[in-house]
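J.: Read off the chains here:
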Amino acid sequence: MSTDTNAPARLSTLDSLEAEGIHIIREAVGTARKPVLLFSGGKDSVVVLHLATKAFWPGKVPFELLHVDTGHNFEEVLEFRDRTVEKLGLRLQVAKVQDYIDDGRLRERPDGTRNPLQTVPLLDAITQHKYDVVFGGARRDEEKARAKERVVSLRDEFGAWDPRNQRPELWNIYNPRHLPGQHVRVFPLSNWTELDVWRYIEREGIELPPLYYAHEREVFARDGMWLTPHHSVRVADTDVIETRTVRYRTVGDASCTGAVESPAQSIQDVIAEVASTRITERGATRADDRLSEAAMEDRKKEGYF
Amino acid sequence: MSTAPETTGVTDASAIPDTNVTSLLRFATAGSVDDGKSTLVGRLLHDTKSILADAYEAVERVSKERGSEEVDLALLTDGLRAEREQGITIDVAYRYFSTPKRTFILADCPGHVQYTRNTVTGASTADALVVLIDARYGVVEQTKRHLAVAALLRVPHVIAAVNKIDLLDYAAGPFRSIAQHVQSHAESLGLPNVITVPVSALKGDNVAERSENTPWYDGPTVLEVLETVPSIDQGADAFAAAHRHGVVHPTADDAVAEETGWRLPVQLVLRPQDAAVSEDYREYRGYAGQVAEGTIRVGDEVVVQPSGKRTTIAGIDTATGTLDEAHAGQSIAVRLADEVDIARGDLLSSANDAVTASKTFHAHVAWLTDRPLRERNRVLVQHGAATVQAMVTSIDGILDISLPGGTLDTSIAKGKELQLNDIGVVTLQLAQPLAVEDYGTHRRTGAFCLVDPQDGNTLAAGTARAQVPGTEDETYISI
Numbered sequence: 001m002s003t004d005t006n007a008p009a010r011l012s013t014l015d016s017l018e019a020e021g022i023h024i025i026r027e028a029v030g031t032a033r034k035p036v037l038l039f040s041g042g043k044d045s046v047v048v049l050h051l052a053t054k055a056f057w058p059g060k061v062p063f064e065l066l067h068v069d070t071g072h073n074f075e076e077v078l079e080f081r082d083r084t085v086e087k088l089g090l091r092l093q094v095a096k097v098q099d100y101i102d103d104g105r106l107r108e109r110p111d112g113t114r115n116p117l118q119t120v121p122l123l124d125a126i127t128q129h130k131y132d133v134v135f136g137g138a139r140r141d142e143e144k145a146r147a148k149e150r151v152v153s154l155r156d157e158f159g160a161w162d163p164r165n166q167r168p169e170l171w172n173i174y175n176p177r178h179l180p181g182q183h184v185r186v187f188p189l190s191n192w193t194e195l196d197v198w199r200y201i202e203r204e205g206i207e208l209p210p211l212y213y214a215h216e217r218e219v220f221a222r223d224g225m226w227l228t229p230h231h232s233v234r235v236a237d238t239d240v241i242e243t244r245t246v247r248y249r250t251v252g253d254a255s256c257t258g259a260v261e262s263p264a265q266s267i268q269d270v271i272a273e274v275a276s277t278r279i280t281e282r283g284a285t286r287a288d289d290r291l292s293e294a295a296m297e298d299r300k301k302e303g304y305f
Numbered sequence: 001m002s003t004a005p006e007t008t009g010v011t012d013a014s015a016i017p018d019t020n021v022t023s024l025l026r027f028a029t030a031g032s033v034d035d036g037k038s039t040l041v042g043r044l045l046h047d048t049k050s051i052l053a054d055a056y057e058a059v060e061r062v063s064k065e066r067g068s069e070e071v072d073l074a075l076l077t078d079g080l081r082a083e084r085e086q087g088i089t090i091d092v093a094y095r096y097f098s099t100p101k102r103t104f105i106l107a108d109c110p111g112h113v114q115y116t117r118n119t120v121t122g123a124s125t126a127d128a129l130v131v132l133i134d135a136r137y138g139v140v141e142q143t144k145r146h147l148a149v150a151a152l153l154r155v156p157h158v159i160a161a162v163n164k165i166d167l168l169d170y171a172a173g174p175f176r177s178i179a180q181h182v183q184s185h186a187e188s189l190g191l192p193n194v195i196t197v198p199v200s201a202l203k204g205d206n207v208a209e210r211s212e213n214t215p216w217y218d219g220p221t222v223l224e225v226l227e228t229v230p231s232i233d234q235g236a237d238a239f240a241a242a243h244r245h246g247v248v249h250p251t252a253d254d255a256v257a258e259e260t261g262w263r264l265p266v267q268l269v270l271r272p273q274d275a276a277v278s279e280d281y282r283e284y285r286g287y288a289g290q291v292a293e294g295t296i297r298v299g300d301e302v303v304v305q306p307s308g309k310r311t312t313i314a315g316i317d318t319a320t321g322t323l324d325e326a327h328a329g330q331s332i333a334v335r336l337a338d339e340v341d342i343a344r345g346d347l348l349s350s351a352n353d354a355v356t357a358s359k360t361f362h363a364h365v366a367w368l369t370d371r372p373l374r375e376r377n378r379v380l381v382q383h384g385a386a387t388v389q390a391m392v393t394s395i396d397g398i399l400d401i402s403l404p405g406g407t408l409d410t411s412i413a414k415g416k417e418l419q420l421n422d423i424g425v426v427t428l429q430l431a432q433p434l435a436v437e438d439y440g441t442h443r444r445t446g447a448f449c450l451v452d453p454q455d456g457n458t459l460a461a462g463t464a465r466a467q468v469p470g471t472e473d474e475t476y477i478s479i
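Quick mapping for you: the protein sequence lines, in order, are chains S and W.
All residue numbers for the first sequence refer to the working numbering, where the first residue is 1 and numbers rise by one.
All residue numbers for the second sequence refer to the working numbering, where the first residue is 1 and numbers rise by one.
Hints listed in this document are in silico derivations from the structure and should not be mistaken for laboratory results.
Being a predicted model, the structure only gives us computed values, none of them experimental.
Take these hints with a grain of salt, some might be off.
[Said to hold, decoys possible] Straight-line distance between alpha carbons at most 30 Å, and here's what the computed BS3-like set of lysine-lysine pairs gives:
(1) W:K203 x W:K101
(2) W:K309 x S:K54
(3) S:K34 x S:K54
(4) W:K64 x W:K49
(5) S:K130 x S:K96
(6) S:K54 x W:K101
[Said to hold, decoys possible] Computed footprint of chain W on chain S; a stretch qualifies when at least three of its residues, placed anywhere within it, have a C-beta under 8 Å from a C-beta of chain W:
(7) 25-35
(8) 57-70
(9) 105-114
(10) 124-133
(11) 175-185
(12) 190-197
Ideal placement from N, C-alpha and C gives every residue a C-beta, glycine not left out.
Make a model of the complete structure from these sequences and hints.
T.: Structure representation (structure tokens):
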């Protein structure tokens, strides 16, 4: 074989992933009655939104955004979320876990984490607004159960995912058909890795919440993670609070999303760090995925993202 | 109890593969139960240093709990709870790894007969298929089935990894006879270039690193093949053209040198009006899609199917600027010189080498659902962004992989029903004309799915055939 793989390919890996993501978004919107994007202000949903702005240019993104707010989110991320929505002239729906706790539909868990509580408000919002196509930023490389999820994934009336009965997904032909009451989740970043996402953020100059870059923060060690003494976190007398230079690799619920110690202040620093890091993204910073070996699979079956 | 988090380190950025430059290769793995496929996948991930510390430590821990001496790399790929409990793989799992030369998307397909539909799923997007063969047993029925799927879906490159050669003391004889068997069977199926590699996934021989135990083998490792074969994004269309012109081992150079017509399935008509990003684009009208094949240039004459109308490319747009030309794989929008009635599902093609539309065609279908297909069944044909109602007017045969020396064309047994995992030849009658092409030369526009009109489930993977051997039928699509 005389192929010269050192010569630049006609499409680079990032070109291919971008084109695939745009294709998926256009395809889903082409068949949808009322699509919506789950938008938290986290880097993956920000990249999906960026792809959507490209997919429909010179028109605006033709769908609403939905955020399930646990009430435990970082202020900086909420501020970024609202600014992004305003800049693009889009409409944001917010489903609040706090509302459900206040009127008794949901109860606070003993451990204080609210990530598992997001499922009910999410499904209620999907039903209430009659969304039939729900875009998310999930990637298959994040977690073992996600590695088996389709790009277009059918959910039943309870939002449940049946991993043993998934439709075959052939070529680049996606099948979003569903019966009344059902919906599909669509994951345009299915084939992206964490490094691809960061490379793309660098290439496109995409703005992110500042938490993703190194900053000084008061933290304490718990279960091998650095948690910050946010109002949502119960700090014990024995917890030692100290100031360290940290950044977040994911920005979820502050009660269970840990920071990593890092000097990475720029996108380039982060890329170097991601490329050399020895811990998987979720393993390092998400307490909720550590609950059991099948934690994510169980939550997905119940209708989680 | 609190333990301190591990600090992550920052290294020299120049050592990181640059995905702005490297290309992407999609490949799939297939094998029978106990061929060691999960071990091979684990070995590829391990030897390319794609396994992160916490994932490796988890596997190490579980291996010890199960009383295993060596770290069981197969555990890296067990995803779902039922799979762990039963010690089997149920569904296609996607893995991601890279080397300095390339990034890889691996569709890891389960080997059980009842999960052949997953092999079809994984192979449909693959630039290359790695078929696992146990060196102790050689070519078995499941191997023939996997090679048949590769032939049916025209996977550009097939690698037969003859595994567990360590159990045969790295002897050359058994490998050579298996390689010969693979070659003759593959040739009968019309698979031109199968590369056979002797490996031990468990010990690491010839997977990512050349083995010292096989001095009689001077071919590439599995990884070397994957790093060097041209991918579909480097020109799948022209790749098929190279095949047409009799190039048996096409390289990336052959792939890009050939100039053929182009194809653009229309996904959306972009008419922003009040929702335009600026006043300048209020009256914009563009046709959005991903180039399926070829290179579109401004000024090209266009044929629209199924209407047959003609116009010219006035412009090629992306959000970041206009282009003079767009290549296969790119998601773009085109503006046309004339106001032509075009909707989602239409197919634009170059007037030079244009597509034609037809209301009937023959196809191979891999039946992927429990309920059997019978003649006169009504289905939906999903082709690109188009969906049309259809009827299966006849089931013309079923591929019987057990027939000796059989090819996809001759291994046809009579039958009037397709069962789960059967590959059959069918004739489809459509309610509206569709621009379907021969899959052998047009991988994107020759592919389609059959969908259940009632519950919406995907029933079959279909590949259109320009003609079916042994028939004088003139109604099939003409290319």
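J.: So which of the earlier hints does this model not fit?
T.: Failing hints, ascending: 9 and 10.
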